[in-house]
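Residue numbers (the working numbering), protein chains in the order written: chain F, 9 to 263; chain W, 49 to 393.
Quick caveat, the hints were computed from the structure, so don't treat them as lab data.
None of these values were measured; they are calculated from a predicted model.
There's no promise every hint is true.
[What the hints assert, rightly or not] Dumping the calculated DSS-like pairs for lysine-lysine here, alpha-carbon to alpha-carbon at most 25 Å: (1) F:Lys87 / F:Lys128; (2) F:Lys37 / F:Lys87; (3) F:Lys128 / F:Lys146; (4) W:Lys54 / F:Lys146; (5) W:Lys295 / F:Lys128; (6) F:Lys15 / F:Lys83; (7) W:Lys93 / F:Lys83; (8) W:Lys105 / W:Lys93; (9) F:Lys185 / F:Lys214; (10) F:Lys128 / W:Lys54; (11) F:Lys83 / W:Lys295; (12) F:Lys87 / W:Lys292; (13) W:Lys53 / F:Lys146; (14) F:Lys214 / F:Lys240; (15) F:Lys88 / W:Lys292; (16) F:Lys214 / F:Lys37.
[Said to hold, decoys possible] Quick look at which bits of chain W chain F covers, simulated, 3 or more residues with Cβ under 8 Å: (17) 267 to 274; (18) 286 to 299; (19) 319 to 332.
Cβ atoms here follow ideal geometry from the backbone N, Cα and C, with glycine treated the same way.
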Amino acid sequence: MQREPLKTSGLSYGVNGKIIVDDVSFEIKRNEFLGIVGPNGAGKSTLLRLLARIINPTGGHILLDGEDISGYEAKELYKKISFLPQTSYFDFPLSVLEVVLTGRYPYLGTFESENTEDIKRAEDCLSLVDLEGFSRRKVTTLSGGEQQRVSIARVLAQETDFIFLDEPSSHLDIHHKFALMELLESLAQEGKGVVAVLHDLDLASKFCERILVLENGRVAALGEPSRVLSEKLLSSVFKVRGSWDPRGENLLVFR
Amino acid sequence: MPTGKKTLSVYVVLASLLLLTVIVCVSLGAVSVPFDKVVSVIAGKLFWLDTGAGIEKSQELIVWNVRLPRVLLAATIGGGLSIVGAVMQAMFRNPLAEPGILGWSSGGAFFAVLVIYTGIHQQWFLLLPLAAFAGTLLTAYAVYGISRYRGFVENTTLLLCGVALGTLFVSLTTFVLSVSNAWSMKEMLFWIMGGVDSRTWTHFAMAAVPVLAASVTLLFYAKNLNARLLGYETAKTVGIDIEKTTKHLIVLSSLIVGASVAVSGIVGFVGLIIPHSIRLLIGVDHRRLLPASFIAGAIFLPVADLIARTVMSPEELRLGIITSFIGVPFFVFLLRRNFSGRGIA
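Full structure from sequences and hints, please.
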C-alpha cells in the first residue's frame, strides 16, 4: 500500500471559463525522476500546483496511497509531499537555518520547537546543496542562486516521499544546475518520486527517466526522453527543429 | 541566529526597562513624586502594606488614581499595537503594514465615535469597545478583501486601499464630531490623534483584558507567521492552513486594535517602529519576536506619553503627535529601503 505510485485521473483545472489543465492522467512512481516540459502557458506550473494541493482541481482526482489528496489533513499531506514554488520570497532577514527548518514544521506541534535532530537534518540538507557553513547567514544577503539552493534545502528537510519542484534550476549557474539534477536523480534512486517542471530540454532529457510533455493543458506525450522528444514533437509542440544526436545517447541537437 | 542566551538577556533587559519605565513615568509630570514614594504607594496598594508615613494624600492620589492607570494603559496599548504590527507584517508579508497605516484604527475610531454620538454606549459599558472592535474588523476585512486576488494579497493595493479607507474613516469621524455641538475640538483631537489622558482604572481594565488575552493567543501562531514570510505557497506546503488562520489572525488583531482605539483613539506607527527595531535585536523568528515586541511596545508608549505631557508643560500634546514624529521618518526609511530591494531591518 505504502509503495503505490501517486496517480492522477482526469485531472482538470479552469478559471473564468478558460481551461488550463485538461483531463490529465498519469502516475508518478516512488523511484523515478519525471520531468514536465512544454511551451510557455502550457499549464506546467498549474499542474504542479494541483499536485501540491496549492489549488484544487475543477475535475478529476489525485490519489496518494489510495486516498484523494483533498481528504488529507494538511500536516499529514505535507509529510508526504513537498513543493518548491517558482518564486520564493525572502523579504525578511531570516537566517538560512531558520528558512530550512520551516521544512520541519509539518512534524512539529504548536508550541514544539525544532530539536537537535531537526537542526542536524537541516544542516545536512544545506550540505547537499553546497551551502555548508551558511546556517547563520541572513537569507536576504545571499545571491539569487544561493537563495534558490536554500529553498531546495528547505524542501529536502521536509523528507517526503514525493518532491515537486517548479523550475528548480532557475537562477543556478551551470555547475550547480548539474549538481542539482544529479541530486534529484539520486533522490529518485533512493525511492522518492521527483517531479520537476523544466525549461531546458537538454537537461530534462539527460537526467529524467520519463518526460511528460504538456501542450495547451493536455498531455502531448509521456515516456522516455529518447522516445518522446521526436523530431516531429519538437517541431509541432516547441516550434523548433531538432533531433537526437546519433553519436550521443542523451543529447538533443537543435538546428 | 541569536543564541538562547542572547534572547534571554534581551528579555531580562526589556523586563527591567519596563519596570523602570513604569516607575519613572508615574513619578514625572506637572507635579513630580519621588521614585521611592511611587514605589511605596504602589507596593502599599498591591500588598495592603501600611506605607503611609511621609506620603501626602495628594501624592497617593496622583500616583494611584491619576498616573498609574494612565501609564499601565499606555503600556498595554503599546504592547498590543506592537504585537499586532509584527503579526500584520508577517501575515501580509509587507514590512510597511501597521494598524494605523492600513486604516484599521481609523475604522475602529469611527465606530467608537458613532456609538458615543448616538448615545448607545450608555446602555452597556462594553458597547464602546465592541463597536471599536467591529469597526476595526470590518475595515480589516474590507482592506484584505479588496487587495486579495486569486488567493494572493497584492502589496501595493493593500497599502493604498488601507490609506484610502483610513482617510475615509477619519473624514467620517471628523464629520460626526463636527455635527455634534456637544463636542469640542479637544474631543475631536483625542479620537484622531490619540491619547491616554484622563484615563482611569476602568479604561485600563476595558483594554487590558482583551489586549492581553488576544496577545497571548497570538503566540500560538508564531511558527505560522514564520512560514508566511516565505510566501503563500511555501507556507501552505509546510502544513499551514492559510485561509483559516488568516481569519483567526485578523480577528485577534482587530480585538487588540479595537480595544486600544476604544480607550485611546488612534495612536499610529507603534506597530511599525517597535517590531522592526526588535528584529534588529533578536531576529525574525516570531517565537522570540512577538513577546519581545509586546514588552518593547509597553516601554515605548508610556515614554512617548511622558514626552507628550511634559515637553510643553503645562500644555499636553496629543500622544499621536509624538508617535508620528518618530514613526514617519521610520516609515520613510523603510519605504526607501524596500524600494532599493534590500529587504527590511
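inquiry  = Please list, smallest to largest, the hint numbers that this structure does not respect.
reply    = Failing hints, ascending: 5, 7.
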